[in-house]
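Now for the letters of each chain:
4 protein chains.
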Amino acid sequence: MRILHISQNSLAFDQKHAPLASSETLREDLRYYFMSPCEKYRARRQLPWKLAVQILKIVMITTQLVLFGLSNQLVVAYKEENLMAFKNLFLKSYSGVDEDDYSVAVYTKQSVIDNIFYVLDQYSQLDQLSVGPVSYAEENRRLLPLVICKESYRPGRVESSDELLRLLVFLVNYRLVNVEISFTLKGINLQTISSHEPPDCYMFAVTITFDNQCHSGKVKITLDLDAVSSACKNWKISGTAQKNTHYLLIFDGFIILVCLTSAVLCIRSIVLAIKLLQRFSKFCLKKYNRKVCEDDQREFLNGWYVLVIISDVMAIIGSVLKMEIQAKSMTSYDVCSIFLGTSTLMVWVGVIRYLGYFQKYNVLILTMQAALPKVLRFCCCAGMIYLGYTFCGWIVLGPYHEKFEGLSRVAECLFSLVNGDDMFPTFAEFQQKNTLVWLFSRVYLYTFISLFVYMVLSLFIALITDAYETIKVPTQHA
Amino acid sequence: MRILHISQNSLAFDQKHAPLASSETLREDLRYYFMSPCEKYRARRQLPWKLAVQILKIVMITTQLVLFGLSNQLVVAYKEENLMAFKNLFLKSYSGVDEDDYSVAVYTKQSVIDNIFYVLDQYSQLDQLSVGPVSYAEENRRLLPLVICKESYRPGRVESSDELLRLLVFLVNYRLVNVEISFTLKGINLQTISSHEPPDCYMFAVTITFDNQCHSGKVKITLDLDAVSSACKNWKISGTAQKNTHYLLIFDGFIILVCLTSAVLCIRSIVLAIKLLQRFSKFCLKKYNRKVCEDDQREFLNGWYVLVIISDVMAIIGSVLKMEIQAKSMTSYDVCSIFLGTSTLMVWVGVIRYLGYFQKYNVLILTMQAALPKVLRFCCCAGMIYLGYTFCGWIVLGPYHEKFEGLSRVAECLFSLVNGDDMFPTFAEFQQKNTLVWLFSRVYLYTFISLFVYMVLSLFIALITDAYETIKVPTQHA
Amino acid sequence: MRILHISQNSLAFDQKHAPLASSETLREDLRYYFMSPCEKYRARRQLPWKLAVQILKIVMITTQLVLFGLSNQLVVAYKEENLMAFKNLFLKSYSGVDEDDYSVAVYTKQSVIDNIFYVLDQYSQLDQLSVGPVSYAEENRRLLPLVICKESYRPGRVESSDELLRLLVFLVNYRLVNVEISFTLKGINLQTISSHEPPDCYMFAVTITFDNQCHSGKVKITLDLDAVSSACKNWKISGTAQKNTHYLLIFDGFIILVCLTSAVLCIRSIVLAIKLLQRFSKFCLKKYNRKVCEDDQREFLNGWYVLVIISDVMAIIGSVLKMEIQAKSMTSYDVCSIFLGTSTLMVWVGVIRYLGYFQKYNVLILTMQAALPKVLRFCCCAGMIYLGYTFCGWIVLGPYHEKFEGLSRVAECLFSLVNGDDMFPTFAEFQQKNTLVWLFSRVYLYTFISLFVYMVLSLFIALITDAYETIKVPTQHA
Amino acid sequence: MRILHISQNSLAFDQKHAPLASSETLREDLRYYFMSPCEKYRARRQLPWKLAVQILKIVMITTQLVLFGLSNQLVVAYKEENLMAFKNLFLKSYSGVDEDDYSVAVYTKQSVIDNIFYVLDQYSQLDQLSVGPVSYAEENRRLLPLVICKESYRPGRVESSDELLRLLVFLVNYRLVNVEISFTLKGINLQTISSHEPPDCYMFAVTITFDNQCHSGKVKITLDLDAVSSACKNWKISGTAQKNTHYLLIFDGFIILVCLTSAVLCIRSIVLAIKLLQRFSKFCLKKYNRKVCEDDQREFLNGWYVLVIISDVMAIIGSVLKMEIQAKSMTSYDVCSIFLGTSTLMVWVGVIRYLGYFQKYNVLILTMQAALPKVLRFCCCAGMIYLGYTFCGWIVLGPYHEKFEGLSRVAECLFSLVNGDDMFPTFAEFQQKNTLVWLFSRVYLYTFISLFVYMVLSLFIALITDAYETIKVPTQHA
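Chains as they are written, first to last, in numbering that gives the first Met the number 0: chain D, 0 to 477; chain R, 0 to 477; chain W, 0 to 477; chain S, 0 to 477.
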């Protein structure tokens, strides 16, 4: 609406000075260019194809995302429960909850040895123990071996053997850096059968690490699981299945098509806009001998089109990746989900553009546009203080408080404090052991919170209220 | 007060042009219609019946709700404690706290079998074990059986038998999907005796499920309890009781009566208003040949009456359901409480209407009326971005963060973040295992929180402050 | 400052019409009455006694409160640790943390009997077990007995005896309501010796309750401790002590004196003000035949004096109670602390009055005065909706969510939600078991939070910003 | 920009009245003095040395801080893990989590004796147990002894001996105040080897305290670890190392140099400013016979220079301390980190000054400058009420609520409540045991939160919005 306002001003200017035929068509084209889909339909009976494509795209991309998410949820749950099961099976004295990043911590030589033997014992009895359909993995009809790898300051490598006990007792001394036990199991996800899909087979690469790198008297035991989905080779599956995925592939293909159409339409619009701009600037230069000012030029470049094109490209890449995953030739779920997720986010944000055609609806966008430069400039200043506090808090309070351990954690902690979260725990976790640091922490926290919550946040409100006031007036008069 | 203002304008308009007798009575009726109860009393000495009925209704409905809630609290506590007791009795190695949605998780075949036998053992010794008044349920003088139901990919059903052990060992293999042990117990709630009411009898349908649907090596054991209140058949109860419920039924009946009265009065008012509107529009049409504009028409339709009628209908339905529950012919407590609760909420909200008669009190309502359309329009725009973030967060962060597991959970999590809750935990729970997703989560959370807390919330304040300003001026002048 | 403004207006009015001698002294007295301590000193060289007394009072009352609190902290810690020690000594399978309101819960007959015997065993070996200085209490040289009290639907009372086992097995059946074991121990708090004070002796009345009132199969075991401080009779204490308390008593006496002085001075001021008001109104009536308007009359009644007098009376009562506690003739610590605490709060709030004499400092008070009526009126309206939500939430969500169990808890939970606390946990604790209630809870929470956080809170800001604007203008001009 | 405005006013005043040669140079110098680095470069081609030094300083100080923090993180982790390992080795029944401030609490004589013997047993088998490189410490080739120290009301000291058991049984009676077992171990941090640095040796002074000071029947066991880094004497280290620290020392030296330069430049600027001010005031006195007003004088004293000098001095002290720590002649890490952290904070805050040269960027600083006096004055008033609530809450609620136990904790708790944190837990933790205190706590919390969140915080927003309005106008016109 602001756009129309500006362009009509310059056209009004045209009208007075150059009532020529060519200028008349240019004027018409310009007016048409800045119309909303609704007005275009009224003016030239042009059906809003682009709008229809966008709406179709929203529905399809969201459906695709939801389907993908739901199917993936089962896989994630399956992997997590397997990890849990392996931890309970192979780690002695595992309590069901991980400590920090590791599963179990042991402190005596005896318990290190016990834990190593426990793993070996449980591994050897696996088929009697486990309630799930797992068994030893094999390659070319030979069972894959269990590998024990030991790293110490005089490095050595020990394969699974019978004389193991004597060896291990000897090995667990203070020079020990790492013991790593790794083996591979195969499993089958029967869960999919209930939805009449063929089962997925998995290779579980289990790695149990006894970590003594810190040499602090605490050996951390971690169990890592790398679950790779693979085709089920030695399983005979009878019955109808596999079809469901065909429908999905067709759907994905259709999405790619829609996104391509949308992208092509937007690129065409941008090209047309640039041509129109060139005609307009030539006209201006010829008639009035003046250049089109930058602000007017910017009106021709529609940021929304750029957004839509980026979103389309991401959706296409995401869909292709998704098809690869479904064909099991790829497993990088994360990259795919980031592409799909971001494109969906952009598509939904793009809806605001169409809401903006209704005069009363685009307060949010206009206010944001008006407030953004001020807010960013202000964020620069506040950011300096924020950075200073981040560094200062990390170096001084890091050794005494869990939340100040890493730079990114400090930044997140301070960000949460600004928003009024987790304040009392942050205060309370400092124990009064070291009085100097305790005092410093009080000064640090009180000044930071007061400064940011009361000064900076209030200024944000002031800035945006101010921007809203400036927006409100033309909206009322227009 | 705004209502009066408008109608007096149109009446002032009447006065000048049509000083007729019929117009005079219409004018009087109109003026009377828009009066507050207090003014009506002064004008025609009409006692404010409707107001009195409303006040009586508030008192009675709130009393009813509190009595119902208190009596129900005991029942809920009884059921919960029974569930707890059964979990402790029948589930081996139950720690007192549930893991996720299930009570216990086991990981080895042996422990599955142990747990099944433990249930059977405890069930057979029930009368020696339990401290509560529970015993085996019977129907037609025959004890109800304990049923073990096993679902596997080759389904089978096993009734409780002596050769059970051999069978079970055979059964617990990877094809197992489900084992379900179900039995029925009867109990008696003696607690009510202390308040001189007859005891309630209960049938407890206990279902213990060993869930291996996921085939991930983790068998989840859940205990579900379905407690149904029933009449105590084989118990001889002596002494005076039962009277208390009579009083309650009379009270409920009286409430239904009051609500009916209130509803009838409101319907009458609406009918009168419509008639008055018809007279007024006829009059306008005849005299000035113009239609009554829509805004004026809307003044005649009082939204409060609609609210009161809905509230009355809900209270009546709720009271009827409550009487059914007390007569033990129904157990759907939830539906009843939703009807009663919602009607009470509406009745209390309705009080604001009477406060609104005092000029200074209706700032809240007027400001809300003024701000509501803007706020809703603005919510549309913000909602698009919100939806986009919800989908995007679910698909990308779902597998890595508990709070992003389901779409509704993501929406709740984001809503909490906007209000400054649980921010640090949301940040902190992402572990730096997957760097790409970790980076994405930071960008995602920082942009979302900054956008919504600093931009959107500040705009809310701006919108409502603005609405308040526009409201304030006429209030001061009126 | 606003006061002075008004009074000077009316005096200016005097001046023109009645230049009489008596009016002149009245004018002088009035002007003097409305002066600040500083101006009074400049005008008549009167030393600000009242101010000095107030400052002295702040210092003394705060000192007294801190001393009292510190000494009490030790006593509280002593009692709490004893309670902990008794729980660990007498309750079998006590884990160190209480479940809900009870210490341990048991579910089988055998464990009830085991727990009862454990208590008796531990009690009989107390001197071999406990590390603290506790022993069996005696009265008139006879040991106080251990009492076992059993309540069942056929009530009976059993004294500690040898045939106990047979009896108990018989007793623990479903008719059992309560078993209560109570005994008394004596202890001595040696901790005070280190600060050269005489030790305090304590009588510990221990009550262990096996609660089966609910008859739900869950027997809750609670241990209650009633610790009464008493004089140490059979202990010979040598060395210097007791003096410290003398000083404290003198200090308390001095505080009472100061508070009395302050109260008397304030009452005198109020009396003088009333006399002055009478003179002024007589004068007005005689000269101009008009009454003093209510607003002017209110200027004479200084609310601060009332605050100071209430605070003084509370401080005096608190100090007397404190002396009683120190003399060990009373133990109601709570009443005393409430009196002392509230008086200290008022004394500190009273400081604002003196800050208000500096023109720029009294923004807070003036804005609050201006905003208070609007805020209260607005709170009425919001309160209705709040009450409605409270009742509705309690009845519907109570059985499904811990936070909605009691009416006061619901109110607190909603209050916290309005302030952005604990939002996600409130959402997340509803499990999707009952879909209808789950849906209701979402609608309930989203509407409540949106309404209150975005509409009501923003209106608060609008109201107070508005009040501040009206205050600011006269402040700048004055 | 405001500075320039003011000084140009006075110069404009100069220009009209005194067109002399000396006044002309003064004017030139003044104008130059108030220029930004950019303008100075344009005017006299002077390169912005000071700016360059500041930028260099920011980069270097931040680098130094990050390096120092990272190296220290390893040391802190090493110490913490050692503490954890010792607790697990020497404390019987240690659960992995500390209770309050102590590690384990025991309640019976037997368990006290068991725990003491456990320590001795584990100590004697240390080399068979521990997985870390620790061994008994020795001094002058003699092993350092394990010392058991017992404090009771008849004090005694017992050295480690064979007849220990009989003795201990005798000792653990109610007169016991403290048993302290202390011994020294030596360890080596091999972790540094991986980064090709020489290993650090540590002396661990372990103190295990059995604390019975309270005589409440609860003996608290704490393990304190004092880890002192020392040179590795009896270790032969081969290979290249030590160089890395050389580079670090050179880097630190360079930082000291830069900071010195920066401080000298700033002092020079201040001296120049004072001289200029003297010339200006002499000139004013001579020409117009008037003094330079205080506001104008303040313009000459640049607060930023003072900030930079303080920051430089702190950075220098911090760097020196850091060099001492690296040379292992000092261990006071905290003092060093406070100096380095604070100087880094100041350096980053100082960046805002340069942003302030861009007209649109200094909104934050100007608004803060404008709002600060009002905010501080207002904080005074609010602070009084806050203090009152703090004292009142401490004395009344202290014995019943963990968060109200100490004065500083109450202040922190109330501060968190104002910011909307931890509200529900604060409400919920009060149990309804003592009805009077429970009621008081509700009144206390509701009034405090309502007052501060709705009145005081809204006023903050009003104050700062107001300050922003006053700032905004000249910014737009300038």
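Among the hints, a few may not be true.
Remember, identical chains collapse to one label, so a pair may be satisfied in a single copy or spanning two.
Below are the DSS-like pairs computed for lysine-lysine, each with C-alpha atoms no more than 27 angstroms apart in a straight line [claimed, not checked]:
(1) LYS149 <-> LYS108
(2) LYS274 <-> LYS286
(3) LYS78 <-> LYS432
(4) LYS219 <-> LYS149
(5) LYS78 <-> LYS219
(6) LYS91 <-> LYS219
(7) LYS290 <-> LYS274
(8) LYS39 <-> LYS78
(9) LYS78 <-> LYS108
(10) LYS285 <-> LYS149
(11) LYS91 <-> LYS108
(12) LYS373 <-> LYS471
(13) LYS471 <-> LYS290
(14) LYS185 <-> LYS149
In short, the hints are calculated from the structure, not lab data.
Checked hints:
Taking the shortest alpha-carbon separations for LYS149 and LYS108, only the intra-copy value of 15 angstroms comes in at or below 27 angstroms, while the best inter-copy value is 32 angstroms. Taking the shortest Cα distances, LYS274 and LYS286 sit within 27 angstroms of each other inside one copy (18 angstroms), while across copies they are farther apart (61 angstroms). When the C-alpha separation of LYS78 and LYS432 is checked against a cutoff of 27 angstroms, the pair qualifies only between copies, where the shortest distance is 16 angstroms, while the shortest distance within a copy is 43 angstroms. For a Cα distance limit of 27 angstroms, the shortest separation of LYS219 from LYS149 inside one copy, 15 angstroms, qualifies, whereas the shortest one across copies, 36 angstroms, does not.
For the identical chains of this complex, LYS78 and LYS219 are neighbours both inside a copy (23 angstroms) and across copies (15 angstroms), given an alpha-carbon limit of 27 angstroms. In this assembly of identical chains, LYS91 and LYS219 lie within 27 angstroms of each other by CA distance both inside one copy and across copies; the values are 13 angstroms within and 20 angstroms between. In the homo-oligomer, the alpha carbons of LYS290 and LYS274 lie at most 27 angstroms apart inside one protomer (16 angstroms), although the nearest pairing across protomers, at 52 angstroms, exceeds that limit. Proximity of LYS39 to LYS78 under the C-alpha cut-off of 27 angstroms is found in neither arrangement, the shortest distances being 53 angstroms within a copy and 66 angstroms between copies.
Only between protomers do LYS78 and LYS108 lie at most 27 angstroms apart by alpha-carbon distance; the minimum there is 20 angstroms, versus 32 angstroms within a single protomer. Taking the shortest alpha-carbon separations for LYS285 and LYS149, neither the intra-copy value of 82 angstroms nor the inter-copy value of 89 angstroms comes in at or below 27 angstroms. For the homomeric pair LYS91 and LYS108, the shortest alpha-carbon distances inside one copy (14 angstroms) and between copies (17 angstroms) are both at most 27 angstroms. For the homomeric pair LYS373 and LYS471, the shortest alpha-carbon distances inside one copy (17 angstroms) and between copies (12 angstroms) are both at most 27 angstroms.
For a Cα distance limit of 27 angstroms, the shortest separation of LYS471 from LYS290 qualifies neither inside one copy, at 31 angstroms, nor across copies, at 33 angstroms. Proximity of LYS185 and LYS149 under a CA criterion of 27 angstroms is satisfied in both settings, with 25 angstroms inside one chain copy and 26 angstroms between copies.
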